Amino acid sequence: MNSVNTLKIPVQITNLQRQLGGQTILQDITTQVRPGDVVGLLGKNGSGKTTLLETLLGFGAPAFGQCQLWGEKSTELAPATKQRIGYVPQRDELPGEMTPKQLFDLYRQLRPEWNDDLLKQLMPEWELSEGKRIRRMSEGQKQKLAIVLAVAHNPDLLVLDEPVASLDPIARRQFFQQLMDYACREHTAIIFSSHIVSDMERIVSRVWCLQNGTLTCDQPLDTLYETVVRVDYSGALTDKAVIGIDQILFSQNSPHGGQLVIKDWNDAKREQLLSLGASQVKASGLSLEDIFLYWHGGTYAN
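First residue of the sequence shown? That's 1 in my numbering, and the numbers climb one at a time after it.
These are calculated hints, taken from the structure and not from any lab test.
Please note that the accuracy of each hint is not assured.
[Said to hold, decoys possible] Computed list of lysine-lysine pairs in PhoX-like fashion (alpha-carbon distance at most 25 angstroms, straight line):
1. Lys8 <-> Lys73
2. Lys82 <-> Lys142
3. Lys263 <-> Lys240
4. Lys120 <-> Lys82
5. Lys101 <-> Lys132
6. Lys263 <-> Lys44
7. Lys282 <-> Lys263
8. Lys132 <-> Lys120
9. Lys240 <-> Lys282
10. Lys120 <-> Lys101
11. Lys101 <-> Lys82
12. Lys142 <-> Lys132
13. Lys101 <-> Lys142
14. Lys120 <-> Lys142
15. Lys8 <-> Lys82
None of the values given here were measured: they were computed from a predicted structure.
Please work from the sequences and hints to get the whole structure.
Put into structure tokens, the structure is as follows:
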């Protein structure tokens, strides 16, 4: 029997492994999402982001491990549990021959928590027409409609897969402002992926990073800011000395000084650098975008 604590956790992923076509797409993922968390999912194309989101929602069975939503296996969710979820898929899955009004009438019957007041607020803000057939909408309009459908029933878990890919900069900013307002509801958990890291940085409280199907980062954003830093120093360090420092993401060394990007930065690593001959050691913060680039082995961040 599930414990009370488990029943209160929107998302619990344990030792998850997912295979598609005989290939392992997700490997040994364990994490959770609590009420009020806003999780940003980062990763290169093909890293498994969409597969992870689809698996945690029950759209595919794990090869090993499990995903639970409020204590229920994601592949065996009760109808009432499904009604607590809002989802925007990466691919357009809206019925082209229907109008938004027809979709709203349908959703209103299926979603007990459907919020017509919120709908009346969102439609003019997003400049959407209820009477226009979906197949005649632009890609950006379709994406806006998918977002409206995902949030208009006040879900307790909101999962968004590249929700702003087709939106212009003004609409993106509007979306994230509304998402921030929505995130202020303490019980709501939000997970979303986006390639536009600067947008994500404005709202997330936690960051997941997928690399080749493995969750290599699962930390609060504030912790990342504090522990993944650029370190400038004076003095000469040998390449051998630099290699001996744990969690180096990037190094640039010269006879007169250099620059490092280090994970898990702390006072002990500062003392280690000083003991190796560095002086004037100065740690500086990085943007989330730069952290992501260095985390993936890039040497092109600013």
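So, going through the hints one by one against the coordinates:
1. This hinted pair checks out: Lys8 and Lys73 have alpha carbons roughly 14 angstroms apart, not beyond 25 angstroms.
2. With a CA separation close to 23 angstroms, the supplied pair Lys82 and Lys142 stays within the 25 angstroms bound.
3. Of the pairs offered as hints, the one joining Lys263 and Lys240 holds, with about 18 angstroms between alpha carbons and a cut-off of 25 angstroms not exceeded.
4. Of the supplied pair hints, the one linking Lys120 and Lys82 holds, its CA atoms being roughly 24 angstroms apart against a limit of 25 angstroms.
5. For the proposed pair Lys101 and Lys132, the alpha carbon gap of about 9 angstroms is at most 25 angstroms, so the pair holds.
6. With a CA separation close to 20 angstroms, the supplied pair Lys263 and Lys44 stays within the 25 angstroms bound.
7. Our distance criterion of 25 angstroms between C-alpha atoms is met by Lys282 and Lys263, whose separation comes to about 15 angstroms.
8. For a cut-off of 25 angstroms, the pair hint linking Lys132 to Lys120 stands: about 16 angstroms separates their Cα positions.
9. With a C-alpha separation of about 21 angstroms, the suggested pairing of Lys240 with Lys282 holds against the 25 angstroms cut-off.
10. Annotation: proposed proximity of Lys120 to Lys101 holds, straight-line Cα distance about 12 angstroms (limit 25 angstroms).
11. Restraint check for Lys101 and Lys82: the C-alpha separation of about 22 angstroms stays at or below 25 angstroms, so the hint holds.
12. Between Lys142 and Lys132, the direct Cα distance comes to roughly 11 angstroms. Compliance with the 25 angstroms bound is thereby established for this hinted pair.
13. Between the alpha carbons of Lys101 and Lys142 the distance comes to roughly 14 angstroms, so the proposed pair stays at or under 25 angstroms and holds.
14. A distance of roughly 17 angstroms separates the Cα atoms of Lys120 and Lys142; the hinted pair therefore holds under the 25 angstroms criterion.
15. For the given pair, Lys8 sits about 15 angstroms from Lys82 by alpha-carbon distance, which is consistent with the 25 angstroms threshold.
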